[in-house]
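Chemist: Sequence:
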Amino acid sequence: MPAFFASEGMPFWNELRTYDLDRSSDFYQGLFGWDIDSADNSGYYYARKQGMPIAGIIPVTDDTASHQPNQWMLSFLTDDVRAVAHRSREYGGTAGEPVDGPRGPMVAATDIVGAQLGFIHPASEPFIAGGEPGTPVWHELAAILPEGVSIDDVATYYTQVTQWSTMRHGEGAHTVITAVSEGGAYAGVWFPGEQGAAEVNASESRWTTYFGVANIVNAAEYAQEHGGDIIVQPQNTEFGRIAILADPTGAPVTVCEAPEHVEEPHEGDNIFS
Numbered sequence: 001m002p003a004f005f006a007s008e009g010m011p012f013w014n015e016l017r018t019y020d021l022d023r024s025s026d027f028y029q030g031l032f033g034w035d036i037d038s039a040d041n042s043g044y045y046y047a048r049k050q051g052m053p054i055a056g057i058i059p060v061t062d063d064t065a066s067h068q069p070n071q072w073m074l075s076f077l078t079d080d081v082r083a084v085a086h087r088s089r090e091y092g093g094t095a096g097e098p099v100d101g102p103r104g105p106m107v108a109a110t111d112i113v114g115a116q117l118g119f120i121h122p123a124s125e126p127f128i129a130g131g132e133p134g135t136p137v138w139h140e141l142a143a144i145l146p147e148g149v150s151i152d153d154v155a156t157y158y159t160q161v162t163q164w165s166t167m168r169h170g171e172g173a174h175t176v177i178t179a180v181s182e183g184g185a186y187a188g189v190w191f192p193g194e195q196g197a198a199e200v201n202a203s204e205s206r207w208t209t210y211f212g213v214a215n216i217v218n219a220a221e222y223a224q225e226h227g228g229d230i231i232v233q234p235q236n237t238e239f240g241r242i243a244i245l246a247d248p249t250g251a252p253v254t255v256c257e258a259p260e261h262v263e264e265p266h267e268g269d270n271i272f273s
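Heads up, the sequence shown is in the numbering used here, so the first residue is 1 and it goes up one at a time.
Rather than coming from a laboratory, the hints here were simulated on the basis of the structure.
If you're wondering where the values come from, they're calculated on a predicted model, not measured in any experiment.
Hints are supplied without guarantee of correctness; some may be wrong.
Restraint ranges, calculated between C-beta atoms of paired labels, are given here [said to hold, decoys possible]:
no. : residue 1 : residue 2 : range
1   : Asp-35    : Asn-236   : 28 to 36 Å
2   : Glu-8     : Thr-237   : 26 to 34 Å
3   : Pro-146   : Met-167   : 20 to 28 Å
4   : Asn-236   : Arg-82    : 40 to 48 Å
Derived EDC-like pairs: lysine to aspartate or glutamate, alpha-carbon spacing no greater than 16 Å straight-line [as the list claims (entries may be wrong)]:
no. : residue 1 : residue 2
5   : Lys-49    : Glu-260
6   : Lys-49    : Glu-132
7   : Lys-49    : Asp-35
8   : Lys-49    : Asp-26
9   : Lys-49    : Asp-37
The beta-carbon is built from N, C-alpha and C at its ideal position, and this holds for glycine as well.
Between the sequences and the hints, there should be enough to build the whole structure, so can you do that?
Modeler: Set out below in structure tokens:
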């Protein structure tokens with residue numbers, strides 16, 4: 001599996017909060033081919049694909065389950081969690097106090113439109129897997145603008161807080177902001193409005209990671225057969241075939257068809273075996 005070196009401001013780590021670890025683990029192992037294990041006795045679980053860490057799973061206790069829904073949260077890479085927390089507050093968002101997380105210092109925040117996100121300074125080399133089944137293939141913010149907040153304000157938040165280099169496409173309600181590095185886009189922000197928000201099951205601003213699957217129809221059928229559900233049926237989009245599913249605890253998860261990685265043959269390999 002190819003690994004990529006992440007830089008400042010890139011989406012880096014996804015975490016699932018779940019009140020039913022066993023059902024969630026079984027579901028995602030089958031859906032994405034993940035191996036799920038706990039590296040220590042901290043109660044934190046890692047989802048891996050071919051040995052590469054893909055996501056974390058946090059079991060939620062009964063005491064807090066009624067207050068916090070089962071959901072995924074995306075964290076962005078930073079070199080300094082205290083500095084990025086300060087910038088988030090300065091540019092209209094919020095931020096808590098940094099804590100030592102399983103993968104390094106991190107801080108939970110909300111952006112200027114109220115979307116939850118995190119920032120993390122990884123304790124090890126910031127390699128990420130992506131672009132194929134079982135890994136993230138895209139990250140997207142559906143930004144529902146509160147009164148007094150403009151598209152320009154959202155763009156400023158992300159260029160200043162995450163240090164993004166951005167490109168803007170379209171105008172008004174059709175505006176899309178993309179984060180780019182070396183000519184390639186790795187995340188996007190769009191502004192769905194009320195109608196668009198209903199179409200993507202977003203009642204509030206929310207970051208979504210698109211996870212790759214080999215076949216979108218099979219993934220949707222798998223969800224229904226293993227205690228989950230289909231929120232948005234498989235459909236063709238500019239990103240390819242996507243669907244929004246619910247896992248057995250109700251946590252939404254967006255899937256997108258992605259090609260399997262094919263290893264290039266090396267000199268001396270027997271290509272007929």
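Chemist: With reference to the structure, classify each hint as holding or not holding.
Modeler: Do the hints match the structure? See the list:
1. Checked against the hint of 28 to 36 Å, the C-beta distance between Asp-35 and Asn-236 comes to roughly 32 Å, which is consistent with it.
2. At about 29 Å, the CB distance of Glu-8 to Thr-237 agrees with the hint of 26 to 34 Å.
3. Checked against the given bound of 20 to 28 Å, the beta carbons of Pro-146 and Met-167, roughly 24 Å apart, stay inside it.
4. Taking 40 to 48 Å as the suggested C-beta distance range, the pair Asn-236 and Arg-82 conforms, at roughly 44 Å.
5. With a C-alpha separation of about 13 Å, the suggested pair Lys-49 and Glu-260 falls inside the 16 Å cut-off, and the hint holds.
6. Straight-line distance between C-alpha atoms of Lys-49 and Glu-132 comes to about 11 Å, which keeps the hinted pair within the 16 Å bound.
7. For the hint pairing Lys-49 with Asp-35, the CA-to-CA distance comes to about 6 Å; that is within 16 Å, so the pair holds.
8. Between Lys-49 and Asp-26, the direct Cα distance comes to roughly 15 Å. Compliance with the 16 Å bound is thereby established for this hinted pair.
9. For a cut-off of 16 Å, the pair hint linking Lys-49 to Asp-37 stands: about 11 Å separates their Cα positions.
The structure is consistent with each of the numbered hints, conforming to all of them.
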